[in-house]
Amino acid sequence: VVALWTEDPDLVYPAVLIAEIWQWTPFMFVILLAALTNIDRRQLESAEIDDAGPWRTLLRVVLPAIRPAIAIAVLIRGLDLLRLFDVVWALTRGGPEAKTQTLSVLAFERLTQASETSRTAAMVFASVVAVSLVATLSLSGMERDR
Amino acid sequence: MKTAGLALRYALALAAVIIFLFPLYWLFITALKTQEEILTYPPLWWPGSLHLAHFARLLTSGDGLAVVNSFIVASASTVLAVVLGTMGAYAIARNGLGGKLFAGWAMASRMAPPIMLAFPFFLVFAGIGRVGSVAVLVLILTAFNLPYVLWMMRGYLHEIPVALEEAALVAGLRREQLPLSVLWPMARGGLLATAAFTFVLAWNELAFALVLIQDAAMTLPTRLAQYDSRPELWPRVAALGVVGTLPIFVALALMQRRLARSLSFGFVVD
Chain Y
1 VVALWTEDPD LVYPAVLIAE IWQWTPFMFV ILLAALTNID RRQLESAEID DAGPWRTLLR
61 VVLPAIRPAI AIAVLIRGLD LLRLFDVVWA LTRGGPEAKT QTLSVLAFER LTQASETSRT
121 AAMVFASVVA VSLVATLSLS GMERDR
Chain C
147 MKTAGLALRY ALALAAVIIF LFPLYWLFIT ALKTQEEILT YPPLWWPGSL HLAHFARLLT
207 SGDGLAVVNS FIVASASTVL AVVLGTMGAY AIARNGLGGK LFAGWAMASR MAPPIMLAFP
267 FFLVFAGIGR VGSVAVLVLI LTAFNLPYVL WMMRGYLHEI PVALEEAALV AGLRREQLPL
327 SVLWPMARGG LLATAAFTFV LAWNELAFAL VLIQDAAMTL PTRLAQYDSR PELWPRVAAL
387 GVVGTLPIFV ALALMQRRLA RSLSFGFVVD
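Protein chains in written order, with our numbering: chain Y, 1 to 146; chain C, 147 to 416.
None of these hints come from the bench; they were simulated from the model.
We put the beta carbon where it would ideally sit given N, CA and C, even for glycine.
Worth double-checking, as some hints may not be accurate.
[As the list claims (entries may be wrong)] Facing chain C, a subset of chain Y residues (Cβ under 8 Å, in silico):
1. 18
2. 22
3. 24
4. 34
5. 81
I would like the entire structure built from these sequences, with the hints used as guidance.
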């Protein structure tokens with residue numbers, strides 16, 4: 001008999017977490033790699049001439065240079081996670097015992113059961129407004145940084 | 147000392163590649179295993195024989211139809227979104243249509259949870275009696291991917307110097323000849339990358355299809371999500387999953403170095 005993590009209330013949350021991280025880490029890698037290759041070589045060279053050492057170069061030159069890319073990566077992934085549906089739906093349907101319930105899964109269940117339509121719509125609307133607000137603020141923050 | 151450091155670096159890089167390719171590898175070999183090989187413990191790290199029966203069954207079950215449906219939906223919505231979006235992007239890149247608000251609007255399409263947008267769509271199409279058809283899904287995915295095409299193509303078209311078009315006009319080309327003779331050769335790479343990524347988005351789309359599509363018009367992701375977690379279904383699900391990943395490889399080949407730019411919606415340029 002097979003014991004599935006996705007059916008064990010104690011293991012289902014780690015299971016979804018691991019699947020998400022496993023699937024999306026390479027995406028973050030690609031974004032950050034592109035940002036790293038775009039760093040001005042001369043900045044790195046002058047850091048070396050000034051004898052900055054690897055740690056200080058990382059903290060003072062590399063990280064500030066890729067900061068916008070990190071911010072974008074966090075924003076895109078963060079928004080994806082707020083809307084998380086696919087992985088949860090395929091693995092657990094939000095169960096067991098609603099342990100992996102997300103906003104999207106909850107909305108989908110309520111809407112397909114056609115009960116409390118207005119209440120669900122209100123919940124959805126409120127969450128979209130909240131998410132939009134956070135995203136708009138962080139985007140305009142990034143624009144100012146440039 | 148230096149070679150040892152280099153060897154360590156390559157070893158770490160190789161380990162990371164193996165870890166992140168492993169799910170894909172596991173998908174492929176699960177599809178090739180027999181029913182008994184699935185459940186052995188410790189697991190078989192490579193299949194004993196190439197067992198193709200699960201792929202053969204794809205053709206005779208509803209799975210094959212789901213693949214066809216997905217292909218129609220993804221292709222049609224990609225062509226529509228790219229054609230309409232590129233024309234719009236040209237207007238934005240050259241005439242400044244939309245202005246500063248545009249950035250927020252493009253991101254907004256990504257912020258709203260699709261599952262939640264799907265329901266109002268469902269009500270609308272149920273009202274006119276069109277729920278469950280492939281055409282409805284094509285229409286919605288076109289609308290959903292359009293802002294993305296606008297956003298990406300605006301960036302690519304912006305990189306083409308206006309002077310090039312002016313020179314072509316001076317050289318005697320008519321204005322309606324510009325798209326094919328000047329813009330297409332210059333923007334082709336970006337256009338293909340955008341189209342490839344749009345195709346992937348449409349190909350993978352689950353939420354809209356789940357709400358709006360029924361039985362005969364089911365797409366590949368909805369079909370996949372329908373299976374429960376009984377072990378006897380694993381090879382079938384894996385075989386369908388393998389078919390589902392194949393177009394992704396083609397799309398990746400088309401995107402190549404523009405991958406990071408596509409994935410970050412043009413915010414990170416490489």
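How the hints compare with the structure:
Checking residue 18/Y against chain C: minimum C-beta separation of about 11 Å lies over 8 Å; hint violated. At a threshold of 8 Å, the smallest CB-CB gap from residue 22/Y to chain C is about 6 Å, leaving the interface hint in force. Evaluation of the residue 24/Y hint against chain C yields a violated restraint, the C-beta minimum of about 10 Å exceeding 8 Å. Residue-level restraint check for residue 34/Y holds (minimum Cβ-Cβ distance to chain C is 3 Å; threshold 8 Å).
For residue 81/Y, the suggested interface contact is broken, since its CB lies about 11 Å from the closest CB of chain C, more than 8 Å.
Going through the hint list in order, the structure does not satisfy hints 1, 3 and 5.
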